[in-house]
Amino acid sequence: MKHTISVLVENHAGVLSRITGLFSRRGFNIDSLAVGVTEDKTVSRMTIVVEGDAYTVEQLEKQLNKVVDVIKVRTIPQQDLISRELMLIKCTATGRTRSEILDIAKIMDANIVDLTKTTMTLEICDLPERLDLLEELLKAYNIQEVMRTGTIALQKGSAAVSVK
Amino acid sequence: MTGAKAIVTSLEQEGVTTVFGYPGAAICPVYDCLSESPICHILVRQEQNAGHAAAAYGRISGRPGVCITTSGPGALNLLTALATAYMDSIPLVAITGQVPSDQLGRDVFQEADITGAAEPFTKHSFLVKDAADIPRIMKEAFYLAGTGRPGPVLIDVPLDVQNRELDFAYPDGVSIRGYHPSTRANPLQLRRVTEAVAAARRPVICAGGGVFSAGAREKMQAFAEQCRIPVVTTMMGLGLMPSSHPLYLGMLGSFGCSAANYAIHHSDLLILIGARAGDRAMRQPGVLERRTRIIHIDIDPAEIRKNMEANIPLVADAGLVLEQLCQSCEAADTGMWLAELKEKQGAGAVFFDRPGFVSPYRLITSLTERLDSDAVYVADVGLNQIWSARWARIKEGRFLTSGGMGTMGYALPAAMGARLATTTRQVVAVMGDGGFQMSMQELATLCQHDIPVKMVVFRNDCLGLVRQIQKQDYGERYEAVDLAGSPDFAALAQVYGIRTMTISENDEIDNAVQALLSDEKSFLLQCLVSPDEPAV
Numbered sequence: 070m071k072h073t074i075s076v077l078v079e080n081h082a083g084v085l086s087r088i089t090g091l092f093s094r095r096g097f098n099i100d101s102l103a104v105g106v107t108e109d110k111t112v113s114r115m116t117i118v119v120e121g122d123a124y125t126v127e128q129l130e131k132q133l134n135k136v137v138d139v140i141k142v143r144t145i146p147q148q149d150l151i152s153r154e155l156m157l158i159k160c161t162a163t164g165r166t167r168s169e170i171l172d173i174a175k176i177m178d179a180n181i182v183d184l185t186k187t188t189m190t191l192e193i194c195d196l197p198e199r200l201d202l203l204e205e206l207l208k209a210y211n212i213q214e215v216m217r218t219g220t221i222a223l224q225k226g227s228a229a230v231s232v233k
Numbered sequence: 006m007t008g009a010k011a012i013v014t015s016l017e018q019e020g021v022t023t024v025f026g027y028p029g030a031a032i033c034p035v036y037d038c039l040s041e042s043p044i045c046h047i048l049v050r051q052e053q054n055a056g057h058a059a060a061a062y063g064r065i066s067g068r069p070g071v072c073i074t075t076s077g078p079g080a081l082n083l084l085t086a087l088a089t090a091y092m093d094s095i096p097l098v099a100i101t102g103q104v105p106s107d108q109l110g111r112d113v114f115q116e117a118d119i120t121g122a123a124e125p126f127t128k129h130s131f132l133v134k135d136a137a138d139i140p141r142i143m144k145e146a147f148y149l150a151g152t153g154r155p156g157p158v159l160i161d162v163p164l165d166v167q168n169r170e171l172d173f174a175y176p177d178g179v180s181i182r183g184y185h186p187s188t189r190a191n192p193l194q195l196r197r198v199t200e201a202v203a204a205a206r207r208p209v210i211c212a213g214g215g216v217f218s219a220g221a222r223e224k225m226q227a228f229a230e231q232c233r234i235p236v237v238t239t240m241m242g243l244g245l246m247p248s249s250h251p252l253y254l255g256m257l258g259s260f261g262c263s264a265a266n267y268a269i270h271h272s273d274l275l276i277l278i279g280a281r282a283g284d285r286a287m288r289q290p291g292v293l294e295r296r297t298r299i300i301h302i303d304i305d306p307a308e309i310r311k312n313m314e315a316n317i318p319l320v321a322d323a324g325l326v327l328e329q330l331c332q333s334c335e336a337a338d339t340g341m342w343l344a345e346l347k348e349k350q351g352a353g354a355v356f357f358d359r360p361g362f363v364s365p366y367r368l369i370t371s372l373t374e375r376l377d378s379d380a381v382y383v384a385d386v387g388l389n390q391i392w393s394a395r396w397a398r399i400k401e402g403r404f405l406t407s408g409g410m411g412t413m414g415y416a417l418p419a420a421m422g423a424r425l426a427t428t429t430r431q432v433v434a435v436m437g438d439g440g441f442q443m444s445m446q447e448l449a450t451l452c453q454h455d456i457p458v459k460m461v462v463f464r465n466d467c468l469g470l471v472r473q474i475q476k477q478d479y480g481e482r483y484e485a486v487d488l489a490g491s492p493d494f495a496a497l498a499q500v501y502g503i504r505t506m507t508i509s510e511n512d513e514i515d516n517a518v519q520a521l522l523s524d525e526k527s528f529l530l531q532c533l534v535s536p537d538e539p540a541v
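Chains as they are written, first to last, in my numbering: chain A, 70 to 233; chain B, 6 to 541.
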């Protein structure tokens with residue numbers, strides 16, 4: 070099962086390596102990790118998606134909490150999850166296929182962010198599964214490059230994972 | 006003042022009186038300031054030993070020990086000591102010099118990314134970028150090292166930062182928003198523990214090094230006595246109960262006492278305190294989980310359910326919990342259980358006297374009978390550690406060893422550190438000839454700083470424990486376990502001016518031990534033991 074963990078950390082050099090070192094050292098397999106600064110510039114938020122059973126997630130939470138630079142750790146319950154991922158995807162597009170790709174983009178709510186005589190680059194911000202679907206649909210058009218950000222997430226409603 | 010002066014002044018503010026270290030170019034400003042400080046610097050002969058000595062100093066003094074080295078190789082030599090302290094949760098503050106900040110990352114002379122390298126083995130580390138941060142960082146380092154689950158903290162200070170000026174004010178307290186160790190027990194869990202103790206007919210306490218960290222040895226004894234609960238310890242917990250205590254069953258685990266292992270496997274309530282159910286202590290935690298109810302008391306929440314399930318987890322300081330339990334728990338009805346365990350005790354191993362060799366059992370027994378009651382016994386790693394853990398009779402003193410990491414060469418520098426943490430107590434280092442040769446350069450340190458350490462070297466001219474593995478599991482194909490070429494250690498120590506004795510028969514033991522302990526000076530007792538002397 071996938072778990073989404075929101076982690077607030079001190080925003081200074083070396084913190085990311087402490088966290089990633091912990092993952093490899095303790096044998097946790099991470100699906101994705103996204104980091105960005107929060108409304109408080111001294112604090113960064115990491116969204117970590119991890120595959121594992123309840124034991125793994127409990128251990129991961131506890132080990133993260135031991136890192137002095139980690140301020141707060143919270144596993145967001147599945148039903149309370151607002152999650153998004155951003156993907157840029159470049160594929161071959163010639164006169165003949167351009168309109169087909171445009172159709173797919175329209176249906177999937179993706180934007181065209183770059184266009185050349187031979188390529189087309191799409192941007193999509195959606196649930197990770199929807200990104201997978203778009204990628205699948207574009208396979209027929211010779212995907213040249215894909216870049217995904219990893220999932221970012223917040224909790225629904227007024228509940229917040231914050232420093233206080 | 007300068008950054009270097011701020012570091013030394015901070016050490017003074019923390020009440021540090023002794024540091025262990027080895028200088029080099031990148032830490033020279035700090036050493037320059039040390040020369041004007043009342044702090045006593047002990048010059049070791051290899052940096053790893055500064056780490057071990059400081060860690061043992063911390064274990065005896067109850068305050069973080071301090072070691073100082075230069076950048077690059079100096080810092081890297083500390084790694085094993087940091088990892089050893091980390092595994093055993095020992096408070097330690099390590100200060101390392103670093104190349105100037107504008108040269109960081111350029112692979113200049115004696116540059117090593119020590120905060121990166123030590124990351125898995127430190128509770129926390131700092132790379133100081135701004136001299137103005139030094140007072141805060143020093144305060145935080147001591148706080149982190151000594152509170153919660155103790156551990157080593159590393160402070161890496163670039164040369165230019167040591168020379169930069171700052172306004173010094175030592176903070177009164179710390180405020181680290183990501184660090185709040187919970188010390189108070191949850192009242193509900195505490196009540197569940199009380200009820201479980203009252204309901205148990207076959208309870209047993211398994212106490213580990215965490216009880217020492219909490220300074221709660223007396224409280225644990227009081228709790229066990231009040232509730233009449235038998236006690237087993239892990240290797241790190243050795244010495245929590247006097248060996249002769251009627252409720253004490255000995256060390257558990259693969260090299261432990263059969264009564265101790267019997268007790269935990271036939272108990273109906275296992276109370277783990279400050280012990281992490283490591284693999285050496287509990288090889289099959291799954292079996293225990295099915296057989297008995299488990300209370301797990303630890304200050305580190307990450308230890309709960311890491312190696313073993315717990316029916317009643319309790320995250321708190323062992324001292325506070327034991328104090329509260331002494332108030333809430335009454336004597337349990339354990340008479341039958343204690344009688345049953347009594348029968349399991351005493352059925353010890355059979356010892357053979359081997360002509361031309363000393364029996365380690367007889368030596369250790371005689372030695373620990375004659376040691377002062379508050380003596381510190383430091384065991385190295387290998388056969389000597391197993392023998393010591395099983396047979397050393399600890400009274401009110403301490404038993405120090407590298408429990409988790411099993412670091413050979415630990416005993417001599419650790420004994421040195423332990424001796425400096427006490428002015429009067431006897432300190433004895435018991436080693437094999439393998440471990441002794443990993444740190445025997447420290448004989449010079451003992452002489453230079455006049456540190457009286459009693460040394461016992463069990464000499465079998467081989468790496469005994471590895472040899473035994475090769476004997477049992479590899480068809481007696483002995484490879485790389487022969488220590489031929491070793492000098493006469495007694496003759497060697499004499500060159501340093503240390504008095505010595507060599508014995509090879511059991512009837513020499515009593516006189517030798519008497520000579521070893523007769524005066525206030527260092528002494529090395531070399532004991533010839535058979536390479537076939539078994540572990541247990």
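It should be emphasised that the hints constitute simulated quantities derived from the structure, not laboratory data.
You may find that some hints are simply not true.
The list that follows gives simulated cross-link-like pairs (lysine to aspartate or glutamate, DMTMM-like), each with its CA atoms no further than 20 Å apart [claimed, not checked]:
hint, chain 1, residue 1, chain 2, residue 2
1, A, Lys135, B, Glu328
2, B, Lys311, A, Glu120
3, A, Lys131, B, Glu124
4, A, Lys159, A, Glu120
5, A, Lys159, A, Glu204
6, A, Lys135, B, Asp172
7, B, Lys349, B, Glu314
8, B, Lys311, A, Asp183
9, B, Lys134, A, Glu79
10, B, Lys144, A, Asp183
11, B, Lys311, A, Glu204
12, B, Lys144, B, Asp107
13, A, Lys141, B, Glu314
14, B, Lys134, A, Glu130
15, B, Lys144, A, Asp138
16, B, Lys311, A, Glu79
17, A, Lys131, B, Asp377
18, A, Lys131, B, Asp172
What you are looking at is a predicted structure, and each value in this text was computed from that prediction instead of being measured.
A quick look at each hint next to the structure:
no. : hint                : verdict
1   : A:Lys135 x B:Glu328 : 26 Å, violated
2   : B:Lys311 x A:Glu120 : 18 Å, holds
3   : A:Lys131 x B:Glu124 : 17 Å, holds
4   : A:Lys159 x A:Glu120 : 28 Å, violated
5   : A:Lys159 x A:Glu204 : 10 Å, holds
6   : A:Lys135 x B:Asp172 : 32 Å, violated
7   : B:Lys349 x B:Glu314 : 27 Å, violated
8   : B:Lys311 x A:Asp183 : 50 Å, violated
9   : B:Lys134 x A:Glu79  : 16 Å, holds
10  : B:Lys144 x A:Asp183 : 54 Å, violated
11  : B:Lys311 x A:Glu204 : 39 Å, violated
12  : B:Lys144 x B:Asp107 : 26 Å, violated
13  : A:Lys141 x B:Glu314 : 25 Å, violated
14  : B:Lys134 x A:Glu130 : 30 Å, violated
15  : B:Lys144 x A:Asp138 : 16 Å, holds
16  : B:Lys311 x A:Glu79  : 26 Å, violated
17  : A:Lys131 x B:Asp377 : 43 Å, violated
18  : A:Lys131 x B:Asp172 : 38 Å, violated
Hints 1, 4, 6, 7, 8, 10, 11, 12, 13, 14, 16, 17 and 18, counting from the list given before, are not met by this structure.
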